[in-house]
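S.K.: If you're matching them up, the sequences are chains S and A in order. Going by numbering that gives the first Met the number 0, the first sequence opens with residue 0, and the numbers climb by one from there. Going by numbering that gives the first Met the number 0, the second sequence opens with residue 0, and the numbers climb by one from there.
By construction, these hints were calculated from the structure, which means they are not laboratory data. In this text, a Cβ means the ideal position worked out from N, Cα and C, and glycines have one as well. Honestly, I wouldn't trust all of these hints.
List of simulated lysine to any residue pairs, SDA-like, C-alpha gap at most 20 Å [said to hold, decoys possible]:
id, chain 1, residue 1, chain 2, residue 2
1, S, Lys179, A, Arg26
2, A, Lys87, S, Ala177
3, A, Lys87, A, Val75
4, A, Lys99, S, Leu88
5, S, Lys178, A, Ile81
6, S, Lys179, A, Leu39
7, S, Lys179, S, Phe83
8, S, Lys178, A, Val22
9, A, Lys87, S, Thr104
10, S, Lys179, A, Gln88
11, S, Lys178, A, Lys99
12, A, Lys87, A, Ala67
13, S, Lys178, S, Leu87
14, S, Lys178, A, Val75
15, S, Lys178, A, Thr89
16, S, Lys178, S, Gly101
17, A, Lys99, S, Met86
18, S, Lys178, A, Arg26
19, S, Lys179, A, Ile81
20, A, Lys99, S, Leu87
21, S, Lys178, A, Val65
22, S, Lys179, A, Lys99
23, S, Lys178, A, Glu72
24, S, Lys179, S, Leu80
25, S, Lys179, A, Asn86
26, A, Lys99, S, Thr104
27, A, Lys87, A, Arg26
28, A, Lys87, S, Leu87
29, A, Lys99, S, Leu80
30, A, Lys99, A, Asn27
31, S, Lys179, S, Met86
32, A, Lys87, S, Gly101
33, S, Lys178, A, Lys87
34, A, Lys87, A, Ala70
To spell it out: a stretch of chain A is covered by chain S in this simulated footprint if at least three of its residues, at any positions, have a beta carbon under 8 Å from a beta carbon of chain S; those stretches are [to be verified]:
id, region
35, 26-39
36, 53-64
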Amino acid sequence: MSSIAQHSTSGTVTFEPLLFFFLAAMAVTTAVMMVVHRNPVVSAISLIGNFFCLAGFYLLLRAQLLAVLQIAVYAGAIMVLVVFVIMLLNLGEEQSPAFRLGFRTVIGTGLAIGFVLEMLYLFVLTPFTEPLRRDIQAGAGVGTVEAMGAALFSRYLFPLELTGMLLLAAVIGAVILAKKRLT
Amino acid sequence: MSVPLPYFLSLSAVLFTIGVIGVLIRRNVIVVFMCIELMLNAVNLTLIAFSSALGDINGQALVFFVMAVAAAEAAVGLAIVIALFRNKQTVNIDDMNILKW
Chain S
0 MSSIAQHSTS
10 GTVTFEPLLF
20 FFLAAMAVTT
30 AVMMVVHRNP
40 VVSAISLIGN
50 FFCLAGFYLL
60 LRAQLLAVLQ
70 IAVYAGAIMV
80 LVVFVIMLLN
90 LGEEQSPAFR
100 LGFRTVIGTG
110 LAIGFVLEML
120 YLFVLTPFTE
130 PLRRDIQAGA
140 GVGTVEAMGA
150 ALFSRYLFPL
160 ELTGMLLLAA
170 VIGAVILAKK
180 RLT
Chain A
0 MSVPLPYFLS
10 LSAVLFTIGV
20 IGVLIRRNVI
30 VVFMCIELML
40 NAVNLTLIAF
50 SSALGDINGQ
60 ALVFFVMAVA
70 AAEAAVGLAI
80 VIALFRNKQT
90 VNIDDMNILK
100 W
């Protein structure tokens with residue numbers, strides 16, 4: 000613990016808050032752009048940018064394997080699929096109003112904003128208990144490929160195999176759902 | 000000094016709420032789908048932040064499985080969108096109400 004504290008006060012990590020605020024501004028901007036832009040292709044590109052920012056956060060949090068997976072799985076596989084479907088359906092800008100502003104929508108949005116304000120208030124004011132007040136640095140070495148592999152192939156072996164089955168079922172289901180005619 | 004945990008939690012809450020608002024106000028079903036992905040990612044960020052703060056690998060293992068489920072969800076969800084578009088020629092969420100009572 001003492002060596003960890005020493006390391007975190009050394010000069011090598013001074014840029015982290017700067018990097019955090021830069022990435023946070025980027026992440027919020029891209030997320031808002033995704034929600035408000037009328038063209039779904041622009042929304043998809045913004046979301047890809049958001050995923051890259053999140054990968055940056057994962058690196059800040061020393062989760063190296065998940066940062067790589069975030070780019071490979073989310074920005075790579077899933078978003079390529081989404082962009083592919085947008086192109087396939089030939090969706091342009093929406094002519095009809097892109098936003099629903101009914102009574103219930105306004106109430107829901109108001110509740111969501113109130114909820115996030117409450118959460119921010121709590122995060123700022125609540126004194127966290129001891130283990131959570133430590134530096135993020137305490138988790139160094141947890142997210143390496145070696146540590147993740149050891150956990151996934153010992154304690155989480157059964158869920159890992161189930162995940163394989165889930166992906167197989169999803170692939171078969173997707174093929175059947177998107178097929179032209181069920182016979 | 001490094002970044003304190005509440006910053007990550009606050010950012011995650013903000014991203015999640017942006018996703019919620021997107022699901023509420025957008026009409027394009029693909030954009031709604033992307034907002035759901037954004038919400039999943041916000042939760043992943045919370046899990047990794049806690050995992051790093053506690054030095055505990057279980058949170059990151061959970062994120063791994065969330066990613067796998069998100070991939071499966073993307074495949075099936077987009078297949079449903081394609082099937083719906085083939086039948087109704089629309090991606091407007093207000094026109095998709097055949098399962099509504």
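S.K.: All hints are to be evaluated individually against the structure, with a verdict given for each.
M.R.: Outcome of the hint check:
Between Lys179 of chain S and Arg26 of chain A the CA atoms are separated by roughly 25 Å; this puts the pair beyond 20 Å, and the hint is violated. A threshold of 20 Å between alpha carbons decides the hint, and for Lys87 of chain A with Ala177 of chain S the separation of about 14 Å falls inside it, so the pair holds. For the hint linking Lys87 of chain A to Val75 of chain A, the alpha-carbon distance of about 18 Å falls within 20 Å, and the restraint holds. Between Lys99 of chain A and Leu88 of chain S, the direct Cα distance comes to roughly 24 Å. Violation of the 20 Å bound is thereby established for this hinted pair.
Using a Cα cut-off of 20 Å, the hinted pair Lys178 of chain S and Ile81 of chain A holds, with the two alpha carbons roughly 9 Å apart. Among the hinted pairs, Lys179 of chain S with Leu39 of chain A is inconsistent with the structure: their alpha-carbon atoms are about 31 Å apart, more than 20 Å. Proximity of Lys179 of chain S to Phe83 of chain S is assessed by CA-CA distance (about 18 Å); at most 20 Å being required, the pair is judged to hold. Pair hint Lys178 of chain S plus Val22 of chain A does not hold up; C-alpha atoms about 27 Å apart against a cutoff of 20 Å.
Restraint check for Lys87 of chain A and Thr104 of chain S: the C-alpha separation of about 25 Å exceeds 20 Å, so the hint is violated. The hinted pair formed by Lys179 of chain S and Gln88 of chain A meets the criterion: a straight-line CA distance of about 14 Å does not exceed 20 Å. Taking the CA atoms of Lys178 of chain S and Lys99 of chain A, the gap is about 24 Å. The hint is violated against a cut of 20 Å. Pair hint Lys87 of chain A plus Ala67 of chain A does not hold up; C-alpha atoms about 30 Å apart against a cutoff of 20 Å.
Distance hint between Lys178 of chain S and Leu87 of chain S is fulfilled; the C-alpha atoms sit about 14 Å from each other, no more than 20 Å. Between Lys178 of chain S and Val75 of chain A the CA atoms are separated by roughly 12 Å; this keeps the pair inside 20 Å, and the hint holds. For the hint linking Lys178 of chain S to Thr89 of chain A, the alpha-carbon distance of about 18 Å falls within 20 Å, and the restraint holds. The hinted pair formed by Lys178 of chain S and Gly101 of chain S fails the criterion: a straight-line CA distance of about 36 Å is larger than 20 Å.
Only pairs whose Cα atoms come within 20 Å are accepted, and Lys99 of chain A paired with Met86 of chain S is rejected, the gap being roughly 29 Å. Among the hinted pairs, Lys178 of chain S with Arg26 of chain A is inconsistent with the structure: their alpha-carbon atoms are about 25 Å apart, more than 20 Å. Restraint check for Lys179 of chain S and Ile81 of chain A: satisfied, since their Cα atoms lie roughly 10 Å apart, inside the 20 Å limit. Taking the CA atoms of Lys99 of chain A and Leu87 of chain S, the gap is about 27 Å. The hint is violated against a cut of 20 Å.
A hinted pair counts as satisfied when its Cα atoms are at most 20 Å apart, and Lys178 of chain S with Val65 of chain A does not qualify at roughly 27 Å. Straight-line distance between C-alpha atoms of Lys179 of chain S and Lys99 of chain A comes to about 24 Å, which puts the hinted pair past the 20 Å bound. Between the alpha carbons of Lys178 of chain S and Glu72 of chain A the distance comes to roughly 17 Å, so the proposed pair stays at or under 20 Å and holds. At roughly 19 Å between alpha-carbon atoms, Lys179 of chain S and Leu80 of chain S fall within 20 Å of each other, so this suggested pair holds.
At roughly 10 Å between alpha-carbon atoms, Lys179 of chain S and Asn86 of chain A fall within 20 Å of each other, so this suggested pair holds. Between Lys99 of chain A and Thr104 of chain S the CA atoms are separated by roughly 18 Å; this keeps the pair inside 20 Å, and the hint holds. For the given pair, Lys87 of chain A sits about 15 Å from Arg26 of chain A by alpha-carbon distance, which is consistent with the 20 Å threshold. For the given pair, Lys87 of chain A sits about 15 Å from Leu87 of chain S by alpha-carbon distance, which is consistent with the 20 Å threshold.
Restraint check: the Cα-Cα separation between Lys99 of chain A and Leu80 of chain S comes to about 28 Å, which exceeds 20 Å; the hinted pair is violated. As the CA atoms of Lys99 of chain A and Asn27 of chain A are separated by approximately 18 Å, the hinted pair is consistent with the 20 Å bound. Taking the CA atoms of Lys179 of chain S and Met86 of chain S, the gap is near 18 Å; set against the 20 Å cutoff, the hint holds. In summary, the hint linking Lys87 of chain A to Gly101 of chain S is not supported, as the alpha carbons are separated by about 24 Å, beyond the 20 Å threshold.
Among the hinted pairs, Lys178 of chain S with Lys87 of chain A is consistent with the structure: their alpha-carbon atoms are about 15 Å apart, no more than 20 Å. Of the supplied pair hints, the one linking Lys87 of chain A and Ala70 of chain A is violated, its CA atoms being roughly 26 Å apart against a limit of 20 Å. With 9 residues bearing a CB less than 8 Å from a CB of chain S, the region 26-39 of chain A meets the requirement of three and the coverage assertion stands. Counting residues of the region 53-64 of chain A whose C-beta sits closer than 8 Å to any C-beta of chain S gives 10, which meets the bar of three, so the coverage hint holds.
The structure shown violates the earlier hints numbered 1, 4, 6, 8, 9, 11, 12, 16, 17, 18, 20, 21, 22, 29, 32 and 34.
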